[in-house]
Amino acid sequence: MSTRENNSSNFIVAGWEKLGFVRYLIAAAFMWSIPILMDKDIFPVLNGSKGINILFITGYWILLSLGLSVVVGLAGLLDLGYIAFFMLGAYTTALMTASGGPDQFHIVTWPTWAALPFAILVAMSAGLLIGAPTLRLRGDYLAIVTLGFHEIVRQSALNLAIVNQSRGIAGIPNPSIHMLGINLDFGLENELYWWYLLIPAILAAVIMIKRLDNSRVGRYWTAIREDEVAAAAMGVPVVKMKLWAFVIGASTSGVAGWIYAVNISYIAPNSFPLLQSILVLCAVVIGGLGSIAGAVLGAVLITTLPEVVRELSNGKEILGFDPETGRIAIFGLALIIVMIYRPGGLLAAKRRRTELSEAGAADAVVTSDTTVVDEVIDERPAGEDEVH
Amino acid sequence: MAAIIKIDAVTMQFGGLRALSDVNIEINEGEIFGLIGPNGAGKTTLFNCVTGVYEPTGGSVSFMGSSITGKRPDQIVDIGICRTFQQIRLFPNMTAMENVLVGADARHKTSVPGALFRSRRFKQEEVDGEAKALELLDYCGIKRFANDLGKNLSYGDQRRLEIARALGTAPKLLLLDEPAAGMNPAEKNSLRDLVRKIRDGGITVLLIEHDMKVVMGLSDRVAVLDHGELIAYGQPEDVQKDPRVVEAYLGAGAGGNAGAKTEGA
Amino acid sequence: MPLGALGFIVPPAESRVHVSDLNLWGRRLDCNFGLVGPTFVTGIILGSIYALIALGYTMVYGVLKLINFAHDAVFAVGAVGVFYIFGEWFGITEPMSGPGLLFVLLASLLVGGIVSALGAALLERAAYRPLRKRGAARLSFLISAIGASFFVTYMMQQGFLLGPGKRGFPGFMATQPAFRLFDSTVTNTKFLTVIAALLCFVVLDRFVNQTKTGRSIRALSEDIVASQLMGVNIDRVILTTFLIGGFFGGVAGTLYSLQFGFVVWNMGFIQGLKAFTAAVLGGIGNIRGAMIGGIMLGLIENMSTICIGAEWKNVIAFSVLVLVLILRPTGLLGERIGG
Numbered sequence: 001m002s003t004r005e006n007n008s009s010n011f012i013v014a015g016w017e018k019l020g021f022v023r024y025l026i027a028a029a030f031m032w033s034i035p036i037l038m039d040k041d042i043f044p045v046l047n048g049s050k051g052i053n054i055l056f057i058t059g060y061w062i063l064l065s066l067g068l069s070v071v072v073g074l075a076g077l078l079d080l081g082y083i084a085f086f087m088l089g090a091y092t093t094a095l096m097t098a099s100g101g102p103d104q105f106h107i108v109t110w111p112t113w114a115a116l117p118f119a120i121l122v123a124m125s126a127g128l129l130i131g132a133p134t135l136r137l138r139g140d141y142l143a144i145v146t147l148g149f150h151e152i153v154r155q156s157a158l159n160l161a162i163v164n165q166s167r168g169i170a171g172i173p174n175p176s177i178h179m180l181g182i183n184l185d186f187g188l189e190n191e192l193y194w195w196y197l198l199i200p201a202i203l204a205a206v207i208m209i210k211r212l213d214n215s216r217v218g219r220y221w222t223a224i225r226e227d228e229v230a231a232a233a234m235g236v237p238v239v240k241m242k243l244w245a246f247v248i249g250a251s252t253s254g255v256a257g258w259i260y261a262v263n264i265s266y267i268a269p270n271s272f273p274l275l276q277s278i279l280v281l282c283a284v285v286i287g288g289l290g291s292i293a294g295a296v297l298g299a300v301l302i303t304t305l306p307e308v309v310r311e312l313s314n315g316k317e318i319l320g321f322d323p324e325t326g327r328i329a330i331f332g333l334a335l336i337i338v339m340i341y342r343p344g345g346l347l348a349a350k351r352r353r354t355e356l357s358e359a360g361a362a363d364a365v366v367t368s369d370t371t372v373v374d375e376v377i378d379e380r381p382a383g384e385d386e387v388h
Numbered sequence: 001m002a003a004i005i006k007i008d009a010v011t012m013q014f015g016g017l018r019a020l021s022d023v024n025i026e027i028n029e030g031e032i033f034g035l036i037g038p039n040g041a042g043k044t045t046l047f048n049c050v051t052g053v054y055e056p057t058g059g060s061v062s063f064m065g066s067s068i069t070g071k072r073p074d075q076i077v078d079i080g081i082c083r084t085f086q087q088i089r090l091f092p093n094m095t096a097m098e099n100v101l102v103g104a105d106a107r108h109k110t111s112v113p114g115a116l117f118r119s120r121r122f123k124q125e126e127v128d129g130e131a132k133a134l135e136l137l138d139y140c141g142i143k144r145f146a147n148d149l150g151k152n153l154s155y156g157d158q159r160r161l162e163i164a165r166a167l168g169t170a171p172k173l174l175l176l177d178e179p180a181a182g183m184n185p186a187e188k189n190s191l192r193d194l195v196r197k198i199r200d201g202g203i204t205v206l207l208i209e210h211d212m213k214v215v216m217g218l219s220d221r222v223a224v225l226d227h228g229e230l231i232a233y234g235q236p237e238d239v240q241k242d243p244r245v246v247e248a249y250l251g252a253g254a255g256g257n258a259g260a261k262t263e264g265a
Numbered sequence: 001m002p003l004g005a006l007g008f009i010v011p012p013a014e015s016r017v018h019v020s021d022l023n024l025w026g027r028r029l030d031c032n033f034g035l036v037g038p039t040f041v042t043g044i045i046l047g048s049i050y051a052l053i054a055l056g057y058t059m060v061y062g063v064l065k066l067i068n069f070a071h072d073a074v075f076a077v078g079a080v081g082v083f084y085i086f087g088e089w090f091g092i093t094e095p096m097s098g099p100g101l102l103f104v105l106l107a108s109l110l111v112g113g114i115v116s117a118l119g120a121a122l123l124e125r126a127a128y129r130p131l132r133k134r135g136a137a138r139l140s141f142l143i144s145a146i147g148a149s150f151f152v153t154y155m156m157q158q159g160f161l162l163g164p165g166k167r168g169f170p171g172f173m174a175t176q177p178a179f180r181l182f183d184s185t186v187t188n189t190k191f192l193t194v195i196a197a198l199l200c201f202v203v204l205d206r207f208v209n210q211t212k213t214g215r216s217i218r219a220l221s222e223d224i225v226a227s228q229l230m231g232v233n234i235d236r237v238i239l240t241t242f243l244i245g246g247f248f249g250g251v252a253g254t255l256y257s258l259q260f261g262f263v264v265w266n267m268g269f270i271q272g273l274k275a276f277t278a279a280v281l282g283g284i285g286n287i288r289g290a291m292i293g294g295i296m297l298g299l300i301e302n303m304s305t306i307c308i309g310a311e312w313k314n315v316i317a318f319s320v321l322v323l324v325l326i327l328r329p330t331g332l333l334g335e336r337i338g339g
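Protein chains in written order, with my numbering: chain A, 1 to 388; chain B, 1 to 265; chain C, 1 to 339.
The reader is advised that the hints may include incorrect statements.
Claimed, not checked - No farther apart than 20 Å at their CA atoms in a straight line, the calculated lysine to any residue pairs in the SDA-like style are these:
(1) B/K6 / B/S21
(2) B/K123 / A/M208
(3) A/K210 / B/P113
To be verified - Reference listing, derived: stretches of chain B covered by chain A, where coverage requires no fewer than 3 residues with Cβ under 8 Å from a Cβ of chain A:
(4) 58-72
(5) 82-93
(6) 112-125
Just so you know, these hints were derived from the structure itself, not from any lab. All figures in this text were calculated on a predicted structure; none of them were measured in a lab. Even glycine gets a Cβ: it sits at the ideal position worked out from N, Cα and C.
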């Protein structure tokens, strides 16, 4: 994701970078106009109300994808339970607003907007909570632990009466703005407003990631990815930086959780299956690790492609293939193919591509210097030249 | 000259294997100190004990009066000790400039909030960092490679880059692990000059090196390890003549004496 | 069985003990210690299945130091294979008895094992080997494995394969009560499961410790470079490891389906995760650890229902996973693949 990567003679990229803040205004304008373009049938089969809905889903998927991109793409940590944060954000929203029935448990009943910062905070805290004991584990173990964490959160929600178990929480109020002469009620009638709400959220996430990437933080994350031992030897506080990645990555899922909850107004544990965590991972990996464009592309692919296919096939099965579930099989296959032939994904940052295809000294799979004890327990793995 | 680092009765045991036994070394500020010994003697293990990669099973290490035993590697850097690796561990897909920047970042304080909100300190540190990195690249003679990826540099230049990166952390004590390994004589000479330059700039240097000419020519004092034990310690000329040292080297097949021509000298 | 003698250990079924000073978040725990017997039995039985599946994880980890994420699909594939071969193709679905039953039983276990073994070999060839040859980073392997697992699993959900619901497993072995133990009825299938698992472990343990191939596997798990220098054919040994792990996974799958009577497209998922937990609990990379871990997890998970409701079983299992990885990642027995 580095902007000072190669002396790229890519004129277009260089020119784009020079625009500075104006870039974001242009991007916002473009995003604003997407629904209009959709209405004019520029994008196949995505028009009308259905199209707006898909756009909205793609929107919060972009938020999720960007967040996971920080964890997996920037810091190189495999998180298989990312949706747990999303779920916690959504539930926080539900428990802090006037949702559900009169005997429904509420922490407080505040206006919908007030729940947003708390959703973010809870998601970030969860990132801290799960990260603190586990980030010194090696990659595969961390992956499994995050998977376990997701299931623990989900299954707990299924069993806890406080959050209404499997029945979930309904009636989460839509947000509205009534001030300064503006009267906006977000709801079923004004579907476009939801998309307009997502635009600043997405742009904020992008700005956040770019700023972090082009700073000491981003350099430290890259160093950790490249060679964790050497990074520590150069003063990088590895565990602390990994924790930050987790926490920052979780923040966007908090926003996404809030938006999801107040839009759909009903959440239940089964709205957040483990599958979704894996799908966000697919989006990030296939779209391109370590690049914002890649994360966006991945999210778009995962959400819109199946819809397009389904429209084109008129909802019927193709060759006995149910588009709804079959797409997941296809994404699974795509993961394998991408890892073999284009590691780092479709739009990967160049640096990331070579990182993944060439294992570093301590990272290679078939090597003689790996022992569970050193790498799993120790924050300081044995140097490869131990007994000399 | 005051002692800058004291390695006090350090022992390192790995299960049944005793890699270091009761090693006592004091290095004075401003000197170039050589650590030599045959293969497997425990030199890198000692480095690892000093830099926090291992925690010694016995003994202690103190730096400038305070104990550093058992601290983490990144804490050690903070205290003022930095190292290079025997097998080069650059960040291969980062440019030379970025590599050194990571080193320089050790002295910076910008964290996530600062980077997010573009604090004044962030901006200042970015400017300072770039200036310092360029300066160090120049100092080590590789400024022209600033924008080349680490893995694309020649072997000798990679070694210099590792040193430049370590210097970025503004260490008071620099540990070099076989910096001359794999270099040709011309490169070794210019490396020697670089190490002297570093010492003359006020940094104490502890170096592991196999090449006797390099080590004896550079070091003010030398320590010899063999099978984890300290067998000699003092001026290079005296150590070279020490019969135990000669035996350790001849026994292991590596040459040690000034005049002798044996393999590995 | 002289249950009377055991009577002083196992409380009678009707004893319900309110342990009023056992407090969990301010609620009184309602522990029914009469359940100790039955949950113990269930724990051993389910634990045996975990143990068999865990073998696949532990062996691959021992050799490649990699979590074989796709093993859950391998486990399922064996059971599904038996479903198709015995059920759909040969129509052996009516209960059998006598030597005929024995034959069909052994055949089904063998077929299940072989199908899974082949699946595992295919997995290794398609998703792992290309990455190994390219020297890819560890992250790539993990992602590829996840992809493989999802590909196979969701393909099985498609209409032309299993479809979305449970499918009845060929019922050639009618479930019948065999004997009573600790106040619970052990059926023939349950008994079979435990015996089969035990046998498999004994066989594997001997294989790994006493045969040449087994030694190669152990050598590889300790030091790949040295093994290569000693002339071990790495690709072949890795393939063998996958085959063996896969075989036992398939046996486990068949036993599972025999016991519960169905196959379903996602049967591998939760079992796989729990089996992985078992492998880690016992000491990943350690075969005996897989057995011990499996049994222990089965016991912990099931005996917890004495005090906590059964709906929390999965949470308990996953919590064990998280706790073990945080507190003692090497597991109970550490990581040596041999005994």
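Evaluation of the provided hints:
A hinted pair counts as satisfied when its Cα atoms are at most 20 Å apart, and B/K6 with B/S21 qualifies at roughly 15 Å. The hinted pair formed by B/K123 and A/M208 meets the criterion: a straight-line CA distance of about 16 Å does not exceed 20 Å. Note on A/K210 and B/P113: the hinted pairing holds, with a Cα-Cα distance of about 13 Å set against a maximum of 20 Å. Coverage of the region 58-72 of chain B by chain A is violated in this model, with 1 residues showing a Cβ closer than 8 Å to a Cβ of that chain against a need of three.
Only residues whose beta carbon comes within less than 8 Å of a beta carbon in chain A count, and the region 82-93 of chain B has 10; three or more means the coverage holds. Coverage of the region 112-125 of chain B by chain A holds [criterion: at least 3 residues with CB-CB distance below 8 Å; count 7].
The earlier numbered hint that this structure contradicts is number 4, and it is the only one.
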